[in-house]
Amino acid sequence: MFVSALLTVPEAFSPEQPALELLHRALSAEYDSRLSRLLREERGWTYGVHGLLRLWPGHGVMEIRFAVDPAVLPEALAAVQGELRSVATAPLDGGELEQARAALRREVVLRQLRLSRCAHQLAVMQAWGGAPDEDRRLLSAAAALTPGDVQRVAADLQAAGVVWVLTGDRDAVEPRLDDSGWPLTAIRSARAIVDGDPPLPL
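In terms of this note's numbering, the sequence shown opens at residue 40 and continues consecutively.
The set of hints was computed from the structure by calculation and includes no laboratory data. All of these numbers come straight from a predicted model, not from anything done at the bench. Heads up, a few of these hints could be off.
As the list claims (entries may be wrong) - Cβ-Cβ distance ranges computed for the label pairs, FRET-style:
| hint | residue 1 | residue 2 | range |
| --- | --- | --- | --- |
| 1 | Arg156 | Ala225 | 33 to 39 Å |
| 2 | His89 | Glu137 | 42 to 48 Å |
| 3 | Ser155 | Glu213 | 28 to 34 Å |
| 4 | Tyr86 | Asp172 | 34 to 40 Å |
| 5 | Ser155 | Gly133 | 35 to 41 Å |
| 6 | Arg209 | Ala183 | 45 to 51 Å |
| 7 | Ser43 | His159 | 42 to 48 Å |
| 8 | Pro171 | Asp217 | 49 to 55 Å |
| 9 | Val100 | Thr128 | 18 to 24 Å |
| 10 | Val202 | Asp172 | 31 to 37 Å |
| 11 | Ala129 | Ser219 | 34 to 40 Å |
| 12 | Ala199 | Ser155 | 33 to 39 Å |
| 13 | Ala117 | Phe52 | 33 to 39 Å |
We put the CB at the ideal spot given by N, CA and C, even for glycine.
Take the sequences, apply the hints, and build the full model.
See below:
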């Protein structure tokens with residue numbers, strides 16, 4: 040069963056972006072991120088957690104992806120929901136924050152090592168109204184953030200809620216979800232997605 044947790048986040052170049060970048064890396068974007076340690080190392084439910092942060096002018100999305108056996112799906116959803124609640128109510132510790140900063144610096148350096156990536160970045164900045172030195176500004180702002188700053192952004196995301204997207208065998212998971220208080224709210228078959236049909240009403 041493939042799982043995606045989707046959270047609506049502020050747009051590109053927003054004042055919240057530096058904190059979002061750190062939160063994203065601390066939660067799910069790194070091999071030793073909080074959710075990777077929880078779901079992979081502590082619980083043994085998945086081979087890994089993959090985090091994505093997509094920011095555009097006007098809107099953004101944070102996505103947390105993983106795959107689990109349907110037998111433990113409700114428990115895995117609850118565990119991720121619990122961690123999202125945890126970072127919204129208690130700040131990251133200093134070690135987590137420094138690891139997230141280091142990961143962000145590493146990503147920026149790798150992006151600047153290749154001419155094609157630099158050119159792409161500059162083109163995006165120009166098209167979206169960003170500054171040519173946006174990476175420098177981002178790193179500078181991220182370096183000045185406190186754990187409380189990141190917590191406040193996490194609290195806003197928690198208040199907005201999470202959309203869960205489950206991909207797999209409905210017959211295998213629906214009874215487990217119903218029994219655990221995670222009822223499905225919309226269903227789309229693979230054929231419906233290909234054909235562009237709307238979700239089936241429940």
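We went through each hint and held it up to the structure:
1. At about 37 Å, the beta-carbon gap between Arg156 and Ala225 stays in the expected band of 33 to 39 Å.
2. Hint check: His89 to Glu137, Cβ distance near 22 Å, so the stated range 42 to 48 Å is violated.
3. For Ser155 paired with Glu213, a C-beta distance near 46 Å fails the hint of 28 to 34 Å.
4. In this structure the hint that Tyr86 and Asp172 lie 34 to 40 Å apart at CB holds, the actual value being about 38 Å.
5. For the hinted restraint 35 to 41 Å between Ser155 and Gly133, the CB-CB distance of approximately 36 Å keeps it satisfied.
6. In this structure the hint that Arg209 and Ala183 lie 45 to 51 Å apart at CB holds, the actual value being about 47 Å.
7. Taken as a hint, the range 42 to 48 Å is violated for the pair Ser43 and His159, whose Cβ atoms sit roughly 26 Å apart.
8. Against the hinted window of 49 to 55 Å, the Cβ-Cβ separation of Pro171 and Asp217 comes to about 53 Å, which satisfies the hint.
9. Look at Val100 against Thr128: about 23 Å separates their beta carbons, and that is inside 18 to 24 Å.
10. Range check, Val202 to Asp172: Cβ separation about 34 Å, and the 31 to 37 Å hint holds.
11. At roughly 25 Å, the beta-carbon separation of Ala129 and Ser219 lies outside the given 34 to 40 Å, and the hint is violated.
12. A hinted range of 33 to 39 Å holds for the C-beta pair Ala199 and Ser155, which are about 35 Å apart.
13. Taking the beta carbon of each, Ala117 and Phe52 are about 35 Å apart, inside 33 to 39 Å as hinted.
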